[in-house]
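There are 4 protein chains.
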Amino acid sequence: MSKKSDAYDDALEQLQILLVETQAWTIDEGRKTLIVFEGRDSAGKDGAIKRITEYASPRQTRVVALPKPTERETSQWYFQRYAPHLPAGGETVIFNRSWYNRAGVEPVMGFCTPAQHEQFLRDAPRFEQMLAENGVNIIKLWLDISKKEQAKRLEERVEDPLKRFKVSSLDSEAQSRWDAYSGARDRMLDETDHKAAPWMVVATDDKKTARLNIMRHILRTIGGPGARADKPDGDVVFAASKASGRLFR
Amino acid sequence: MSKKSDAYDDALEQLQILLVETQAWTIDEGRKTLIVFEGRDSAGKDGAIKRITEYASPRQTRVVALPKPTERETSQWYFQRYAPHLPAGGETVIFNRSWYNRAGVEPVMGFCTPAQHEQFLRDAPRFEQMLAENGVNIIKLWLDISKKEQAKRLEERVEDPLKRFKVSSLDSEAQSRWDAYSGARDRMLDETDHKAAPWMVVATDDKKTARLNIMRHILRTIGGPGARADKPDGDVVFAASKASGRLFR
Amino acid sequence: MSKKSDAYDDALEQLQILLVETQAWTIDEGRKTLIVFEGRDSAGKDGAIKRITEYASPRQTRVVALPKPTERETSQWYFQRYAPHLPAGGETVIFNRSWYNRAGVEPVMGFCTPAQHEQFLRDAPRFEQMLAENGVNIIKLWLDISKKEQAKRLEERVEDPLKRFKVSSLDSEAQSRWDAYSGARDRMLDETDHKAAPWMVVATDDKKTARLNIMRHILRTIGGPGARADKPDGDVVFAASKASGRLFR
Amino acid sequence: MSKKSDAYDDALEQLQILLVETQAWTIDEGRKTLIVFEGRDSAGKDGAIKRITEYASPRQTRVVALPKPTERETSQWYFQRYAPHLPAGGETVIFNRSWYNRAGVEPVMGFCTPAQHEQFLRDAPRFEQMLAENGVNIIKLWLDISKKEQAKRLEERVEDPLKRFKVSSLDSEAQSRWDAYSGARDRMLDETDHKAAPWMVVATDDKKTARLNIMRHILRTIGGPGARADKPDGDVVFAASKASGRLFR
Chain A
1472 MSKKSDAYDD ALEQLQILLV ETQAWTIDEG RKTLIVFEGR DSAGKDGAIK RITEYASPRQ
1532 TRVVALPKPT ERETSQWYFQ RYAPHLPAGG ETVIFNRSWY NRAGVEPVMG FCTPAQHEQF
1592 LRDAPRFEQM LAENGVNIIK LWLDISKKEQ AKRLEERVED PLKRFKVSSL DSEAQSRWDA
1652 YSGARDRMLD ETDHKAAPWM VVATDDKKTA RLNIMRHILR TIGGPGARAD KPDGDVVFAA
1712 SKASGRLFR
Chain B
1472 MSKKSDAYDD ALEQLQILLV ETQAWTIDEG RKTLIVFEGR DSAGKDGAIK RITEYASPRQ
1532 TRVVALPKPT ERETSQWYFQ RYAPHLPAGG ETVIFNRSWY NRAGVEPVMG FCTPAQHEQF
1592 LRDAPRFEQM LAENGVNIIK LWLDISKKEQ AKRLEERVED PLKRFKVSSL DSEAQSRWDA
1652 YSGARDRMLD ETDHKAAPWM VVATDDKKTA RLNIMRHILR TIGGPGARAD KPDGDVVFAA
1712 SKASGRLFR
Chain C
1472 MSKKSDAYDD ALEQLQILLV ETQAWTIDEG RKTLIVFEGR DSAGKDGAIK RITEYASPRQ
1532 TRVVALPKPT ERETSQWYFQ RYAPHLPAGG ETVIFNRSWY NRAGVEPVMG FCTPAQHEQF
1592 LRDAPRFEQM LAENGVNIIK LWLDISKKEQ AKRLEERVED PLKRFKVSSL DSEAQSRWDA
1652 YSGARDRMLD ETDHKAAPWM VVATDDKKTA RLNIMRHILR TIGGPGARAD KPDGDVVFAA
1712 SKASGRLFR
Chain D
1472 MSKKSDAYDD ALEQLQILLV ETQAWTIDEG RKTLIVFEGR DSAGKDGAIK RITEYASPRQ
1532 TRVVALPKPT ERETSQWYFQ RYAPHLPAGG ETVIFNRSWY NRAGVEPVMG FCTPAQHEQF
1592 LRDAPRFEQM LAENGVNIIK LWLDISKKEQ AKRLEERVED PLKRFKVSSL DSEAQSRWDA
1652 YSGARDRMLD ETDHKAAPWM VVATDDKKTA RLNIMRHILR TIGGPGARAD KPDGDVVFAA
1712 SKASGRLFR
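Chains as they are written, first to last, in this note's numbering: chain A, 1472 to 1720; chain B, 1472 to 1720; chain C, 1472 to 1720; chain D, 1472 to 1720.
Don't read these hints as lab results, they were simulated from the structure.
Small disclaimer: the values here were computed from a predicted structure and weren't measured.
Where hints are given, some of them may not hold.
Identical chains blur together in the list; that is why a pair holds if it fits in one copy or across any two.
List time: in silico BS3-like cross-link candidates among lysine-lysine, alpha-carbon distance up to 27 Å [as the list claims (entries may be wrong)]:
1. K1637 <-> K1623
2. K1702 <-> K1634
3. K1539 <-> K1679
4. K1619 <-> K1521
5. K1521 <-> K1637
Bound-form chain A, shown alone (with noise of 0.2 Å):
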């Protein structure tokens, strides 16, 4: 193993010991979190959160990845199928991908209308203010990859045994609709992002160091323990709202 390598596995371990402490805080101070991870197919969001999760508490941890809705659900308030995964207090909730999921996906593919598209954006803040006010910590995280590096990802995936159940017949939209995902991405953070609930852009081309900075960013955001986090580099780790120039188009 290089170098590299051992510094990169020393400073996970370090920031795993650190979430753990942080964790026990939150139990025992009854806080709710909740960690919302965006961003385009093979961005990082698995790997982030298996090293997240991996010696978290199973029973105050959830990670919550939601299939397709069903009809019924469909004709729902758009919010309900989320409301029953949301932490109590104590818990940590992880979602992977999430009601933005109409923020992206869904419009870009044709899966809902832009009237819906529309309505979305102004319910997302509303509803993310009445989390806050009811003391929920909202982390919301997007990861930005390179439509290079995800092109190589995506067929790295193809030719690996191991990854048959991460191919979609989704990925190939992935890189043909790159740009309308783009403008996807630009209207949802700048349409909610709000102080309530901020979204933070990671750069994650380069994977070790995206899964660092993404921890240290929700160590420190959670607090007590969590604070003695480094602070995360802010080449890698920074605010949607000074993100101008610095997304992957």
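Since chain A is already given, all that's left is putting chains B, C and D on it; use the hints.
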């Protein structure tokens, strides 16, 4: 049976027939209907709901009367335990008591903090606004009973062996805390009456008249075939915004 | 109102009072009660259940009428979708149709394979045996109606605007496949009548008489205060094991 | 990294690739797979499950580790809270501890009565028999660890800040009640080993060897592409019926 009773039975049946026709229309149209019944103990909620649902479609109708929240639920976002019960397309959901517990029994009995009470009064209209914009037709009814009539009904309950399961340990508080309940009701009507989900007040000292008028109001608000219903009697059903001086004290 | 009708109303009220007292006892004792209503369309299940639950404890009583299984449910263990509805301590659960669909409508209409039908006939007594040994008091009722009376009721339904939601696309099959349903019923009673959960047959051409006798049987089977109920009329309620020659054909 | 470790990594990866292929086959065929992991604290259940599920289909795989039953659940049919988690067609469900709590921790720690323990030993094979006849492929694994190795692992846990959430108040009992646990295990293996759902014992003092052999056993039992897996080492994985004298005491 008296003539008066016959006339009630006839009017009730005609309204029930119209309800069936109107529900068939909401099912066809995929409309979402949410009816909220609130009111003091013994104000007539159960009896009115029974007549409304007697011939309703079993598959598209749900009466929701949630038990006391568990400790875990108490730590969640306040509306979380209600969300799974909201209507899907074509469904009619009737809440027999609702989130408005937090504007009535909870602050009066000390089951929530004053801060939670205030937070709720801010949240309820925002939450309902979002539902309304997502196509939920919300009908909120406050069943208003006089102190004397309540005393009479609560006494009768205790003596009636068929009403054993209606008697609650909170019944005695209903009378002794009458004024506190009046104050909570006034604030609720003031703060949570809004265009997207207005409150209607129903005088229920005369049960049968109240039931007929409730049905008329519901039918006309849903529309479609229901628009053919007679106007409710303005002395029995009236907008909260015009309730000044007409509420029982 | 006629004298006969008055007598029925009085008897019904007395039995309802005794049901309330008996349920209070099962709640105190933590007993689990499961009542299964089966029978052809229009045999009187809804009406009987309505009278039994009219004054029951809302918190400890559930009427379960499951919709058609989803595709996913169809692939599961057959009893899986019923299991969540079984009674906890102190609860009374009434199944309005039940797992016995697989011994009636499903084989008759071709909704299951003959092998699934056979498997079910073997499984049902084993499943119920296990429940019984785990303290569930199972009361199984087959409501038996004559072909002529069914024809009359189904016709009345179609013409009654209040019964619109009772009319089903399967109604016409009830008469045209009468004999197949009789055969399925006979096999069901033969194979799934066992000591831990015996079948009782109820003749329901006379609705009111049937209701009173059903209530008497339930009360006496539950016991406690219910033991005071009169014996059901042996011409109306009788054990499946003694049904030979008495079932409608 | 040592050679031995490299060999393990290679073997593991080959088995994981075969698991992916085999699961794809069970999905296509609509097969239901239920894998039960049982064993004393620190016997290696979590680690084995982690390797098995690492590349599994997220939509068709569920790891179920139920929390302590609520009071209401305690009053229900014992298997009721497990039933909703059973696999549908094409699904693989892994129980990390299971209903066999009632044959281990519950009787040893006095969380159930001796009568409930006996009832369970009678019920488990009947319940599993029914599932098996309904197409559920049940694989039951008892992970067997020596007293000395357990002592070592429990100690290491306490000192490892990453394992904070693995440490339980019951850990100390694992050693002090070692013999009672052995006795409960023996009875469990005796009474609940049956053709439709036999027990396999896995010696887990050597974790890595155990994991590889568990995967081989699972693959060969599922069949399809999995039939290509090497036979598990008969010293590591063996039928409970042939365990006499080979279980750790």
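The hints, checked one at a time:
no. : hint            : in the structure
1   : K1637 <-> K1623 : within (14 Å within a copy, 38 Å between copies)
2   : K1702 <-> K1634 : between (33 Å within a copy, 25 Å between copies)
3   : K1539 <-> K1679 : neither (30 Å within a copy, 37 Å between copies)
4   : K1619 <-> K1521 : within (24 Å within a copy, 32 Å between copies)
5   : K1521 <-> K1637 : both (15 Å within a copy, 17 Å between copies)
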